[in-house]
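Engineer: Turn these sequences into a full structure, and let the hints steer you where they fit.
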Amino acid sequence: MDQQMAVNGYIAHAPGYVHNDGPKLITSRFVHDDSFTLARYEATGGYEGLRAALETTPATVHDEVRAATLLGRGGAGFPAGVKWGFLPPGKHPYYLVVNGDESEPGTYKDRLLMERDPHQLIEGCLIACYALGLQQCFLYVRGEMAVAQERIAAALNEAYEAGYVGRDICGSDFSVDIVMAWGAGAYIVGEETALIESLEGRRGMPRLKPPYFPAAVGLYGQPTIVNNVETLANLPWMMVNGAEAYCRYGSESSPGTRMFAVSGHLRRPGVYEVEHGVTTFQELIYGDNFCQGIRDGHELKMFIPGGGSAPWFFAEHLDLPLEARPVGAAGSMLGSGAIVIMDDTTDAVKAAWRVVKFFARESCGKCTPCREGTTWLEQILRRILDGDGRPSDIDLLLDMGDNISPGPYPVAAHNGQEAVPFPPRQTTICPLGPSAVAPVVSTVRRFRHEYEAKITRRDPIPIEVAVAGASQ
Amino acid sequence: MTLSPANEALAAEIISWFPRPRSALIPLLHLAQEQDGYLTDDAMRRVGGLVGATPAEVKGTAGFYEMFRFEPVGTYLVNVCTNISCLLWGGEELLEHACESLEVEVGGTTDDGMFTVEEAECVAACTEAPCLQVNYRYRGRVTPDDFDRLIEDLRAGRTGIAGHGVLARVRQSIPAERLAGVVPPEQAREAPVWLDRNDVEVAS
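Chains as they are written, first to last, in my numbering: chain A, 2 to 473; chain B, 306 to 509.
Since the hints were derived computationally from the structure, they do not count as laboratory data.
Hints may be right or wrong, so weigh each one.
[Claimed, not checked] Quick list of in silico lysine-lysine cross-link-like pairs, BS3-like style, CA-CA up to 30 Å: (1) Lys84/A <-> Lys210/A; (2) Lys92/A <-> Lys25/A; (3) Lys351/A <-> Lys367/A; (4) Lys364/B <-> Lys25/A; (5) Lys84/A <-> Lys367/A; (6) Lys84/A <-> Lys364/B.
[Claimed, not checked] Between beta-carbon pairs, the in silico distance windows are: (7) Asp387/A <-> Arg454/B: 28 to 38 Å; (8) Arg463/B <-> Tyr11/A: 22 to 32 Å; (9) Phe79/A <-> Ala467/B: 31 to 41 Å; (10) Pro377/B <-> Tyr11/A: 36 to 46 Å; (11) Arg454/B <-> Asp320/A: 51 to 61 Å; (12) Arg454/B <-> Ala40/A: 33 to 43 Å.
Built from N, CA and C at the ideal position, the CB exists for glycine as well.
Structural biologist: Written out as structure tokens, the structure is:
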């Protein structure tokens with residue numbers, strides 16, 4: 002490690018990242034304070050994955066990614082190799098759009114990957130472009146991430162200069178440009194069709210579906226692959242070491258490693274690279290190698306297992322592995338690798354309100370159930386918190402939720418009520434609206450008494466005052 | 306003020322990298338905001354002219370994105386996160402402290418034009434709660450004392466943080482001889498040459 006040793010696993014030049022024991026497939030360079038430079042990248046195996054890819058055929062590279070069952074790391078968890086297979090043959094040009102618009106509450110791993118190891122991401126983009134015949138790549142970075150933009154711009158400049166990007170890459174017949182684009186503050190742009198709209202210079206509003214996949218109709222109406230930063234960052238290691246080696250980590254259905262940002266009331270909150278599918282929430286939250294448990298003197302009350310859009314979990318879910326299927330069956334999602342831990346001091350209604358407020362603010366306004374519904378949810382929760390709640394408000398909240406996401410909403414089991422598995426249904430084009438329902442349904446089912454306590458706490462108005470007021 | 310000659314040149318370069326000029330709209334608006342600290346009507350009109358969008362389309366698009374400002378803000382835009390992870394570690398209290406200490410309301414600018422304080426949504430530094438950004442540069446685990454020191458440092462010009470509008474201090478540039486070439490969607494294209502390697506493999 003350069004210059005300074007890690008303090009309790011934290012590294013001064015990469016705040017939040019915890020360098021612990023365990024396989025490091027995508028964060029291996031984070032310990033170096035100059036990890037974002039080409040010199041460091043080349044000295045630590047950089048661009049060898051690209052060279053390995055160039056020595057084989059594009060189809061072989063695609064097969065390798067398929068064999069590794071590389072699951073998309075953006076939130077939906079769709080296998081990248083399968084998504085790649087949706088490109089309609091012969092409809093060139095194809096484009097690659099990199100989704101670096103990381104904004105889901107609780108999530109940050111793409112930012113670290115962009116800031117700390119931009120060349121790894123660039124190499125991943127190149128491997129994808131080579132495998133699929135993608136002829137131009139647009140790397141879209143969230144607007145608020147000035148450092149990530151700076152590091153990617155600098156890395157691209159170095160890579161162009163060194164012949165890794167642009168014309169005749171590494172002296173071969175493979176040529177592709179990577180152009181950095183960046184946003185300007187809109188969570189919804191993380192939705193892939195909204196991202197494409199933004200990249201076309203428009204308001205970032207999700208497109209009507211079908212077509213469901215930009216692989217069919219994407220940027221400028223052409224077949225487009227939209228991949229998350231972390232997904233692509235896995236490719237260099239995979240090309241050097243092979244799918245078989247990749248599958249030695251993690252579980253059979255979720256191979257490799259994954260980055261998790263674990264925040265909230267913890268002894269050692271941090272961003273960890275974790276073996277996918279085998280590590281449990283229990284190990285991650287309480288393990289000495291990871292977060293080391295809840296802060297002193299307190300106990301776990303609830304946690305969000307997969308970012309602000311995920312229904313909430315409780316102590317009985319700790320033994321679940323960090324794997325999409327069991328988490329989905331239990332009523333939530335693994336989402337974007339963001340776990341938020343709340344201890345016994347947390348006001349469930351207030352926490353739910355804050356997440357809902359986020360979705361109300363970020364709704365793009367295209368679909369009425371979301372535009373109106375998220376705002377209503379926020380206002381009702383706020384009046385409950387302000388002591389102005391009405392006894393009918395709990396049912397009103399659930400009814401509003403039902404208008405955005407009809408039918409039983411995904412939620413954890415409680416008190417004899419069974420879990421409703423993920424995902425929710427929606428009356429909207431994209432999942433933003435339904436996401437706002439998650440904290441509401443999760444907390445109402447579990448902590449209805451907290452809502453009721455806030456509502457009945459209102460002092461009743463004496464009848465004579467009410468009558469006098471009415472007659473004025 | 307419209308775009309400076311240097312920014313006109315940069316704008317032309319950025320536009321040349323995209324298959325359609327309109328794709329450069331957001332990057333060019335950032336350029337204009339970097340130049341003036343906010344988006345002036347003149348700059349928006351000019352950017353629209355460059356990318357083939359009407360002034361209404363430019364403003365309609367810019368207005369969708371929170372980072373674009375149509376009026377001046379403080380030299381330093383202080384965004385305090387109060388979203389869930391920061392809420393748990395006192396983000397609301399930090400925002401309150403920021404407003405009290407700078408004597409502004411949320412969204413307000415100090416009389417000297419130095420600071421604007423806003424409530425931010427999650428900025429992806431959740432383990433470093435409560436966190437804030439000054440002109441989109443991070444500060445984590447911020448105590449009220451840390452905040453006051455930061456303000457002192459900013460006033461004294463000790464942070465190296467540039468004025469509002471500046472994001473990355475390094476720009477992408479592509480040497481002409483290295484450019485693979487933009488790929489417009491209109492041209493019905495053959496598969497790129499390197500995909501021929503698949504056929505060779507099948508044939509052999």
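Engineer: All hints, please: hold or fail.
Structural biologist: These are the hints, each one checked on the structure:
no.: 1; hint: Lys84/A <-> Lys210/A; result: 17 Å, holds
no.: 2; hint: Lys92/A <-> Lys25/A; result: 38 Å, violated
no.: 3; hint: Lys351/A <-> Lys367/A; result: 27 Å, holds
no.: 4; hint: Lys364/B <-> Lys25/A; result: 45 Å, violated
no.: 5; hint: Lys84/A <-> Lys367/A; result: 26 Å, holds
no.: 6; hint: Lys84/A <-> Lys364/B; result: 35 Å, violated
no.: 7; hint: Asp387/A <-> Arg454/B: 28 to 38 Å; result: 34 Å, holds
no.: 8; hint: Arg463/B <-> Tyr11/A: 22 to 32 Å; result: 25 Å, holds
no.: 9; hint: Phe79/A <-> Ala467/B: 31 to 41 Å; result: 40 Å, holds
no.: 10; hint: Pro377/B <-> Tyr11/A: 36 to 46 Å; result: 38 Å, holds
no.: 11; hint: Arg454/B <-> Asp320/A: 51 to 61 Å; result: 44 Å, violated
no.: 12; hint: Arg454/B <-> Ala40/A: 33 to 43 Å; result: 35 Å, holds
In this structure, the hints that do not hold are numbers 2, 4, 6 and 11, in rising order.
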